[in-house]
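S.K.: Numbering-wise (the UniProt record's numbering), the sequence shown opens with residue 1 and increments by one.
Don't read these hints as lab results, they were simulated from the structure. Please read all numbers here as calculations on a predicted model, not as lab measurements. Where hints are given, some of them may not hold.
Simulated restraints on C-beta separations [unchecked claim]: (1) 236 - 200: 32 to 42 Å; (2) 123 - 282: 50 to 60 Å; (3) 751 - 644: 32 to 42 Å; (4) 677 - 378: 35 to 45 Å; (5) 107 - 57: 14 to 24 Å.
The beta-carbon is built from N, C-alpha and C at its ideal position, and this holds for glycine as well.
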Amino acid sequence: MDDELLELQRQFEFAQQAKSSIRLSERNVVELVQKLHELRIIDFELLHTVSGKEYITPEQLRHEIAGEVKKLGRVSLIDLADTTGVDLYHVEKQAQHVVSEDPGLMLIQGEIISQSYWDSVAEEINERLQECSQIALAELAAQLHVGSELVASVLEPRLGTLVKGRLEGGQLYTPAYIARVSAMVRGASRGITVPTNLSVLWSSLQQLLQEMEGATGLAVEGSFFQSLFNGLVKKGEVLGTLRAGIHWTPTVFAIAQKECVDSFFSQNSFISYDTLHKLGISQPIQYLQPRFPEGIPLVTAFVHPSMIEMLDAAIEDAVERGSWLDSLSLLPTSFGAQDASKILSLSPSVQSALKANKALIVGDSYLFSSSFVKDVYDRVEKELETLSHSGSSTIILSDDSHMVKEAKAGKDLSKSSEPVETVTESGNKKRGTEKGSKKKKGKSSGARTVSAEGDSENEDYIPTKSKKNQKKGKDTSSSQVADSRKVAKKDSIKAQEENVPSDEWLMQKLEALLPDFEEQGVDDPQTILKYLADYLRPMLANYLKERRKALFTENVEKMKVLLDNLQRKLDESFLNMQLYEKALDLFEDDQSTSVTLHRHLLRTVATSIADMLFHNLDLHNKLKNWTQVEDSQNSESISLSPGERTAIAKSLPESQSKRALVVVEALEGKRVETFMTALRDLAEESGLFLKKLDKKLERTLLHSYRKDLTSQVSAETDPVSLLPKVVSLLYIQVHSRALQAPGRAISVAVTRLKV
1 MDDELLELQR QFEFAQQAKS SIRLSERNVV ELVQKLHELR IIDFELLHTV SGKEYITPEQ
61 LRHEIAGEVK KLGRVSLIDL ADTTGVDLYH VEKQAQHVVS EDPGLMLIQG EIISQSYWDS
121 VAEEINERLQ ECSQIALAEL AAQLHVGSEL VASVLEPRLG TLVKGRLEGG QLYTPAYIAR
181 VSAMVRGASR GITVPTNLSV LWSSLQQLLQ EMEGATGLAV EGSFFQSLFN GLVKKGEVLG
241 TLRAGIHWTP TVFAIAQKEC VDSFFSQNSF ISYDTLHKLG ISQPIQYLQP RFPEGIPLVT
301 AFVHPSMIEM LDAAIEDAVE RGSWLDSLSL LPTSFGAQDA SKILSLSPSV QSALKANKAL
361 IVGDSYLFSS SFVKDVYDRV EKELETLSHS GSSTIILSDD SHMVKEAKAG KDLSKSSEPV
421 ETVTESGNKK RGTEKGSKKK KGKSSGARTV SAEGDSENED YIPTKSKKNQ KKGKDTSSSQ
481 VADSRKVAKK DSIKAQEENV PSDEWLMQKL EALLPDFEEQ GVDDPQTILK YLADYLRPML
541 ANYLKERRKA LFTENVEKMK VLLDNLQRKL DESFLNMQLY EKALDLFEDD QSTSVTLHRH
601 LLRTVATSIA DMLFHNLDLH NKLKNWTQVE DSQNSESISL SPGERTAIAK SLPESQSKRA
661 LVVVEALEGK RVETFMTALR DLAEESGLFL KKLDKKLERT LLHSYRKDLT SQVSAETDPV
721 SLLPKVVSLL YIQVHSRALQ APGRAISVAV TRLKV
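With the hints as extra help, turn the sequences into a complete structure.
M.R.: Structure representation (structure tokens):
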């Protein structure tokens with residue numbers, strides 16, 4: 001057999017060395033192969049090598065690729081292209097065929113890797129793991145030049161067989177290392193007695209392991225501890241409750257917590273939410289309701305129904321006695337006002353008392369019986385009534401326009417002879433007069449007063465203009481009226497908002513009327529009084545409003561009568577004053593006598609006019625400020641001292657006050673003209689009209705004055721009293737002047753008659 005093989009070898013060598021008589025070029029060979037392809041004699045695919053001098057079939061290429069992989073275990077496609085001499089494209093294409101046909105191979109990142117290669121790698125990793133106890137996958141992936149995910153996917157099926165270890169959190173651990181760390185986790189977990197965040201525990205264990213293993217040890221991820229802990233919990237080696245994966249509550253703490261809550265609630269019939277928060281219960285109501293279904297959740301505490309029953313008995317007693325109750329004083333100190341309010345709303349006694357109007361809740365925790373509140377209100381109302389009778393301005397505030405509008409709804413004031421201000425088309429303001437009175441018609445046709453609708457505490461009177469000035473300042477007057485009404489409207493709105501008793505006054509009255517709050521040991525009586533004052537204030541404001549309505553109607557009628565009478569008296573007195581003033585012109589050449597006559601007229605007639613005007617303006621001001629004014633004596637007989645005149649002048653509104661003070665000063669002066677000017681200004685500011693003395697009125701008054709003097713002279717028997725009257729009568733006859741002269745000026749007056 002060996003001889004035959006040797007013979008064949010020699011023949012083959014000879015055939016190779018023998019030279020052919022016919023030689024073909026490479027080009028001819030290529031053309032020949034192409035022709036054979038065209039003739040389908042060669043019916044399989046041929047691949048060119050990179051050199052172009054060789055052909056290779058795909059089957060042969062796949063065979064060579066499989067041989068290389070089997071020999072090396074891990075081969076790069078680029079290396080296969082160099083080894084086989086075939087273009088990389090064909091190598092990649094055939095490599096995919098090889099991998100798809102053999103499940104033991106994988107094509108990863110341009111490399112063909114066999115399972116045998118991974119087995120050998122796993123054995124090497126296992127040897128290293130047993131030496132180091134732990135290896136990081138990232139380190140292995142860097143050494144093998146592959147991704148960590150690939151290494152993990154390869155190692156997972158080999159764990160427990162080729163690799164004696166555990167893969168956790170990107171780390172490989174030996175069973176011994178896992179047992180050691182598990183023992184640490186078990187011991188640390190069992191040592192916890194209060195709710196703990198496991199992240200803090202894992203940080204402590206990581207620090208402990210690093211101290212044990214030194215600088216060579218690898219950091220252990222918290223997920224590794226968490227995985228071991230979850231296994232211990234599942235096996236029952238560690239008892240407790242895990243929430244949200246990291247919040248651990250040991251069973252021993254839950255038992256102690258439950259016993260503490262049950263004990264506190266059973267002893268006190270309540271438990272506050274703050275107490276539960278301190279015990280680690282973040283949702284108190286959800287924790288307590290399943291445990292105590294009969295309990296009632298409040299704002300800051302959870303109570304047993306027995307507490308409401310206890311409070312209910314005290315409330316029923318307070319309502320029956322007509323007293324009051326602070327529910328917070330009967331509840332635990334930890335309860336707040338909102339808790340007390342909710343308990344009161346749940347009390348059967350409170351519900352029935354509120355329904356029957358026998359009690360009311362003030363604030364959040366105070367309960368007052370209706371009889372108690374009514375008694376307090378009646379006493380405060382009496383105080384208000386007393387103060388309003390005395391004219392106190394600190395309690396009853398004015399609100400003129402609001403009251404006038406309400407009064408007008410019940411009665412039309414414009415149909416009677418009342419001092420109501422009206423505006424004509426020309427902008428002039430006139431005062432209505434009574435029908436059928438010819439005398440009054442002539443005197444008051446131009447008179448006016450301020451409308452009740454425009455009155456207010458701070459509003460000034462608008463002066464009346466003469467006919468000449470009315471025509472000249474028509475537009476100005478209209479604009480002033482409109483502006484004044486806007487201001488009056490704003491002032492009335494402000495006063496309307498303030499038409500309530502002041503807080504200070506009401507609190508002082510309640511303190512005086514209810515001293516038993518402090519006597520009963522109430523910690524903060526001001527708070528109770530403040531709640532009670534807030535409740536009573538609207539009722540008192542309504543009482544004041546109703547009372548002021550009645551007072552307003554009464555005062556409006558009085559003001560109308562007062563102004564009508566004042567205008568009538570002022571017309572008569574002022575005309576007489578003008579008549580007497582004319583007689584003074586006869587003595588202008590005698591300075592001393594002129595001063596004496598001027599002063600005499602100021603001390604007598606002028607003083608009487610001023611006292612009458614001041615007295616009536618003072619009454620009008622009081623009526624306008626809602627003060628009750630009793631019917632006084634006849635204003636014509638009023639005699640005021642200089643101090644009283646000054647006091648009344650200062651009490652009037654500012655614009656009137658200034659002019660009234662000028663009148664007071666003029667009475668102490670030496671000239672009647674000064675007084676007359678000041679009197680006209682004050683009357684104009686007060687809405688009164690002073691009629692000017694004309695020739696016709698002068699003759700009428702002189703005739704009346706002479707007739708009166710004649711009757712007095714006829715009846716007079718005293719010579720001392722008779723002389724001045726005779727002299728006055730002679731001056732009327734000789735000079736047509738009504739002379740008012742004192743005794744010391746009679747001689748001069750008689751001398752003038754002789755001349």
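S.K.: For each hint, tell me whether it holds in the structure or not.
M.R.: Now the hints, each set against the structure:
Our hint of 32 to 42 Å for residue 236 and residue 200 is violated, since their Cβ atoms are close to 24 Å apart. Taken as a hint, the range 50 to 60 Å holds for the pair residue 123 and residue 282, whose Cβ atoms sit roughly 53 Å apart. Look at residue 751 against residue 644: about 39 Å separates their beta carbons, and that is inside 32 to 42 Å. Residue 677 and residue 378 have their C-beta atoms about 55 Å apart, which leaves the hinted 35 to 45 Å range violated.
At about 22 Å, the CB distance of residue 107 to residue 57 agrees with the hint of 14 to 24 Å.
In summary, the numbered hints that this structure violates are 1 and 4.
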